[in-house]
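Modelling step: build the complete structure from the supplied sequences, incorporating the hints.
So the sequences go chain by chain: Y and B. Just so it is clear: in the first sequence, position 345 is 345 by our numbering, and no numbers are missing. Just so it is clear: in the second sequence, position 184 is 184 by our numbering, and no numbers are missing.
No wet-lab data here; the hints were simulated from the structure. The structure presented is a predicted model; accordingly, all values stated were derived computationally and were not measured.
Capping the alpha-carbon separation at 20 Å, the derived lysine to any residue pairs in SDA-like fashion look like this:
1. Lys169/B x Asp220/Y
2. Lys169/B x Thr130/Y
3. Lys213/Y x Gly168/B
4. Lys98/Y x Phe280/B
5. Lys57/Y x Phe315/B
6. Lys192/Y x Ile271/B
These stretches of chain B come out as covered by chain Y in the derived footprint (C-beta under 8 Å, 3 or more residues):
7. 52-65
8. 159-170
9. 265-273
10. 313-326
In this text, a Cβ means the ideal position worked out from N, Cα and C, and glycines have one as well.
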Amino acid sequence: MKKTAKIATGIMLVASLALTACGAKNNNNTNEGASPVASSPAASEAASPASSAGAGKKFAMVTDVGGVNDKSFNQSAWEGLQKLSKDTTAEVRYLESKEATNYLTNINQFVREKYDLTWGIGFLLGDAITEAAKQNPDAKLAIIDSVVEAPNVESVTFAENEGSFLVGVVAGMMTKTNKIGFVGGIDIPVIKRFDLGFEAGVKAVNPDAQIIKNYTGAFDKPDLGKAAAATIYNDGADIIFHAAGGTGNGVFNEAKERKSSGKQVWVIGVDKDQSIEFGDDVTLTSMLKRVDEAVYRISKDLLDGKFAGGKVTVLGLKDNGVGLPETSSKNVPADVLAKVEEYKNKIISGEITVPTAQ
Amino acid sequence: MNKVIRLFTKDSAVVPLVAIVLGLIVGAIIMLFGGYDPILAYRSLLKKVFGNPYDFGETLTAITPLIFTGLSVAFAFRTGLFNIGAEGQYIVGMTGATIIGVQVNAPWFIHAPLAIIVGALCGGFWGMIAGYLKAARGVNEVITTIMLNWIALHLGNYLVNTFVLEPGKGRSYFVDDSAAVTIGWLSRAMDNARIHWGMFFAILAVIFVYAYLWRTKSGYELRVVGFNPDAAKYAGINVNKGVVKAMFISGALAGLAGVFQLLGVFLNQPISAGHTGHGFDGIAVALLGGNTPLGVLFGAILFGTLSYGAAGMSFGADVPPEIIRIVIGSVIFFVAAPGIIRWVLKQLRLRKNKGEVA
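In structure tokens form, the structure reads like this:
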């Protein structure tokens with residue numbers, strides 16, 4: 001009898017643990033479900049009435065190993081699809097990839113279920129999308145951050161260098177130690193564009209500033225991001241710009257710890273307005289990369305019968321594909337923002353050409 | 001026939017079976033708490049695995065590396081060594097095969113076998129380092145293999161980066177067709193599932209491990225070392241040589257997992273920041289299989305099915321992939337805690353006996 005009681009307690013314990021875990025998970029889901037994060041200008045601007053244009057249409061996306069809750073890239077893409085679903089009643093779905101072998105199988109899952117459009121989110125899915133496109137010439141596919149040359153794939157890339165130039169201007173003007181850090185994910189052209197643009201921006205306003213760069217080699221390893229940030233802050237930097245997806249969460253983590261011990265350090269977020277997730281006390285500004293907007297736009301085009309396979313869309317400052325969020329004004333003084341605006345116009349008008357990679 | 005029955009009624013076979021059932025039940029309970037339908041989820045899992053030729057083929061592909069790493073861990077375990085380094089041996093084996101696959105030009109009947117052999121030797125060499133340190137210096141192999149995992153990861157990245165990197169892709173060049181071990185006609189027959197010869201080699205490896213350990217003198221010696229090194233020494237067996245040899249074979253088996261993943265599935269090696277987990281999963285597989293070759297085969301089938309089917313659960317029943325990891329985790333937990341299972345079994349038997357008495 002005693003033993004039964006013991007076991008009952010044990011089971012209760014396990015169950016309660018499981019419950020808490022599930023609870024947290026559910027919260028997350030509702031967060032996602034509740035309208036694409038308020039920051040996104042598109043959400044406020046396009047309060048278009050829900051139509052049923054997408055009824056019966058099915059859209060899907062496959063994440064990279066970062067997963068859909070990476071607070072960055074993948075999450076932004078999913079928000080784009082959710083908005084699509086809200087506006088047009090189209091059915092949307094995602095599958096997370098646990099490891100690289102899953103990219104192709106996950107894409108194929110949707111292709112086989114005859115989804116109208118399947119998104120590969122991120123550079124890492126380039127090879128898998130190429131393969132899937134070849135094997136399924138009738139399927140419609142799209143990819144972010146990589147160019148896939150196939151008649152049934154629409155590719156979207158961003159001019160990250162332009163947006164990064166602007167946050168570079170912010171960092172260059174606001175650093176007190178004249179040392180600025182950059183934490184990158186994998187050393188691929190996309191991230192190189194962040195890197196080069198940022199460097200050019202810093203140098204444009206503060207030629208003496210030193211930039212300490214660190215490529216962690218991953219988009220899903222917050223521990224590596226934290227270690228990289230610790231090294232850079234220890235070297236005397238006071239602002240770090242990260243372009244590392246989920247790895248960047250570790251950068252924020254490190255900054256928060258330092259902040260709570262009284263040091264003044266900043267992080268510049270990436271992809272989404274990360275001040276919403278990580279708070280205004282450490283987030284100086286963010287380099288918005290409107291993956292949500294891109295996903296939404298291309299998917300919507302398909303509903304309107306305008307899917308253009310083989311096309312490569314490049315979204316830059318002039319398309320509002322990259323830029324700074326409204327919330328920047330909380331921590332960035334007006335004169336700096338004015339300077340940012342000035343450079344923005346110069347880039348758009350072509351007066352300044354921002355260096356890029358490939 | 002009696003033998004077969006005994007095989008399945010022996011404690012060693014019953015314990016894992018009960019553990020699996022308990023694990024699935026715990027998983028179902030957690031799904032219920034989370035508000036998901038466990039019946040639908042398990043049905044989607046089975047549908048994902050057996051639903052169509054493509055998914056069935058991909059499941060086989062997911063199982064293959066687990067057989068190798070499982071055998072690797074089990075083999076070392078039989079010699080009294082705990083090889084946690086299958087992960088590193090996997091990477092080193094893969095890297096060896098990548099370099100041969102990309103750099104060497106040869107007809108297929110030389111190229112593919114050469115890549116396989118070099119990969120296996122590389123993995124074996126990596127295992128042997130730990131074996132040598134144990135034999136010559138008495139360093140605990142648990143420590144060295146774990147550390148060697150990280151050395152292997154970064155060595156692999158370095159080698160890929162230096163010798164076979166395709167610029168701007170974050171991965172190596174594709175291996176030549178002559179080195180690939182894919183089975184074109186079978187893949188086409190199974191809707192382009194990535195079927196490869198590795199599967200058959202995995203079965204051969206199961207037979208090899210059984211024949212070697214239980215049917216040869218030198219295998220017998222290794223097992224004696226595993227049972228009792230002192231007795232082995234007293235009986236005139238060279239324990240140190242045995243340790244090195246066992247780690248070599250164990251490493252070669254893990255290396256083959258990497259080789260076939262490369263030559264059969266990916267055909268290129270990415271620069272990666274973390275381990276794939278196949279090596280660590282191998283520990284679980286060996287544990288599930290009671291460190292017997294046949295058990296490892298079944299363990300790998302279960303493990304591979306669960307992890308490949310996970311995407312099906314998330315697709316068909318909206319169960320987040322985290323839950324399936326809980327299911328896998330609880331299966332391993334129950335296997336690793338045979339005491340609990342034995343106790344449950346004893347209670348069942350007691351009750352049955354009581355029933356008979358009354």
